[in-house]
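K.L.:
Here is what each chain is made of, one letter per residue.
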Amino acid sequence: MKLDMTTELMASGLVVRLQGDVDMNTSRDIPCLLDKAFAQATAPFKALFIDLSGVRYMDSSGIATLVEILQQCGKTGTRLRLCALSPSVRDVFELARLGSVFQIYPTLDEASQHGD
Amino acid sequence: MIQTMTLVVPSHPRYLCVIRSALQPLLLDEGFSEKEARTIVLAIDEACSNIIKYAYEQDSSKTIAMTLHFGGETLTVELKDTGKKPDLAKITPRKLDEIRPGGLGTHFISSVFDTVTYDTSGAEGTLLTLIKLKPAAEPGRLPHET
Numbered sequence: 001m002k003l004d005m006t007t008e009l010m011a012s013g014l015v016v017r018l019q020g021d022v023d024m025n026t027s028r029d030i031p032c033l034l035d036k037a038f039a040q041a042t043a044p045f046k047a048l049f050i051d052l053s054g055v056r057y058m059d060s061s062g063i064a065t066l067v068e069i070l071q072q073c074g075k076t077g078t079r080l081r082l083c084a085l086s087p088s089v090r091d092v093f094e095l096a097r098l099g100s101v102f103q104i105y106p107t108l109d110e111a112s113q114h115g116d
Numbered sequence: 117m118i119q120t121m122t123l124v125v126p127s128h129p130r131y132l133c134v135i136r137s138a139l140q141p142l143l144l145d146e147g148f149s150e151k152e153a154r155t156i157v158l159a160i161d162e163a164c165s166n167i168i169k170y171a172y173e174q175d176s177s178k179t180i181a182m183t184l185h186f187g188g189e190t191l192t193v194e195l196k197d198t199g200k201k202p203d204l205a206k207i208t209p210r211k212l213d214e215i216r217p218g219g220l221g222t223h224f225i226s227s228v229f230d231t232v233t234y235d236t237s238g239a240e241g242t243l244l245t246l247i248k249l250k251p252a253a254e255p256g257r258l259p260h261e262t
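Sequences listed follow chains H and G, in order.
Just so you know, we're using our numbering here: the first sequence kicks off at 1 and counts up by one.
Just so you know, we're using our numbering here: the second sequence kicks off at 117 and counts up by one.
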């Protein structure tokens with residue numbers, strides 16, 4: 001199953017939308033896709049929003065990738081917010097007890113409007 | 117009546133979605149709730165990923181055989197590989213207070229299943245047996261309740 005990524009630069013930050021299953025087969029593509037998205041951004045951004053509404057499945061390889069992204073954002077001072085987690089993805093965060101490590105919002109609107 | 121189903125897939129990550137797709141409807145039919153079915157699928161996906169990574173070291177020319185035994189009071193899943201045998205002393209879930217990528221698969225497996233057994237006594241490979249009590253078998257519990 002393929003994983004697709006689209007990006008949109010908004011006033012509040014860079015929005016990355018993932019579509020598909022994030023497992024061992026597809027999670028390895030995410031860092032490269034993100035690097036490309038960052039390089040193509042036409043303006044600097046202080047926040048990265050990852051919209052997971054199109055992700056119906058994620059396993060620990062997806063979580064590992066998100067943790068790596070969180071660590072990278074920490075180094076660059078970029079705020080990372082996840083939004084619109086499906087029940088399946090929420091289950092994985094719950095099992096991994098990472099709900100409090102990431103900033104998670106029900107929708108992209110709430111993620112982008114919430115202050116620092 | 118206990119029924120058995122075996123699915124054999126190549127040891128390439130692209131087939132993980134095939135395993136997930138085969139499991140989900142069967143688990144719901146067996147009386148697991150949607151949430152339970154999702155976490156069982158996750159745990160089995162993680163176990164198969166571990167076989168690809170560690171038993172086969174990413175060799176996609178091998179196979180993973182998944183056998184399900186269902187219809188009774190428990191769901192039993194057997195995953196058989198013919199790869200490198202693990203050091204059983206090193207298979208322990210890691211501490212979750214360490215925020216780092218990796219190492220969560222074993223934790224998910226042991227969190228979801230009631231019994232997890234690794235049998236490395238065979239001539240080659242490992243037989244991983246995962247057992248979960250079905251919802252109707254839990255005292256005071258109705259089927260489909262989370």
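Take these hints with a grain of salt, some might be off.
Unchecked claim - Partial list, computed: chain G residues near chain H (C-beta under 8 angstroms):
{"no.": "1", "residue": "V125"}
{"no.": "2", "residue": "P129"}
{"no.": "3", "residue": "C133"}
{"no.": "4", "residue": "I135"}
{"no.": "5", "residue": "R136"}
{"no.": "6", "residue": "K151"}
{"no.": "7", "residue": "R154"}
{"no.": "8", "residue": "E162"}
{"no.": "9", "residue": "S165"}
{"no.": "10", "residue": "I168"}
{"no.": "11", "residue": "G221"}
{"no.": "12", "residue": "F224"}
{"no.": "13", "residue": "S226"}
{"no.": "14", "residue": "D230"}
{"no.": "15", "residue": "K250"}
Since the hints were made in silico from the structure, they are not lab data.
Keep in mind the model is a prediction, meaning the values are calculated, not measured.
Each residue gets a CB set at the ideal place from its N, CA and C atoms; glycine is no exception.
K.L.:
If you take the shortest Cβ to Cβ gap from R136(G) to chain H, is it below 8 angstroms?
P.N.:
7 angstroms, holds
K.L.:
Grab the minimum C-beta distance from K250(G) to chain H and call the hint holds if it beats 8 angstroms, violated otherwise.
P.N.:
Not OK, violated: K250(G) not within 8 angstroms of chain H, min 19 angstroms.
K.L.:
Hint C133(G) vs chain H: min CB-CB distance below 8 angstroms?
P.N.:
5 angstroms, holds
K.L.:
Classify the hint on F224(G) as holds or violated, based on whether any CB of chain H lies nearer than 8 angstroms to its CB.
P.N.:
The hint holds - F224(G) has a Cβ within 8 angstroms of chain H, the shortest such distance being about 6 angstroms.
K.L.:
With chain H as the partner, please determine if P129(G) meets the hint condition of a C-beta pair closer than 8 angstroms.
P.N.:
4 angstroms, holds
K.L.:
Taking the closest Cβ pair, is V125(G) under 8 angstroms from chain H?
P.N.:
12 angstroms, violated
K.L.:
Holds or violated: is the Cβ of R154(G) closer than 8 angstroms to a Cβ in chain H?
P.N.:
At 5 angstroms from the nearest chain H Cβ, R154(G) passes the 8 angstroms test, so the hint holds.
K.L.:
Are I168(G) and chain H close enough, Cβ to Cβ, to be under 8 angstroms, as the hint says?
P.N.:
7 angstroms, holds
K.L.:
Holds or violated: the hint that D230(G) contacts chain H, with Cβ atoms closer than 8 angstroms.
P.N.:
15 angstroms, violated
K.L.:
At a threshold of 8 angstroms, is the proposed contact between G221(G) and chain H supported by beta-carbon distances?
P.N.:
5 angstroms, holds
K.L.:
Next item in the hint list is S226(G). Is there a CB on chain H closer than 8 angstroms to its CB?
P.N.:
Where the cut-off is 8 angstroms and the nearest Cβ of chain H is about 11 angstroms from S226(G), the hint is violated.
K.L.:
Per the CB criterion, is E162(G) less than 8 angstroms away from chain H?
P.N.:
Since the shortest Cβ distance to chain H is 6 angstroms, the answer is holds.
Checked against the numbered hints above, the structure breaks hints 1, 4, 13, 14, 15 and satisfies the rest.
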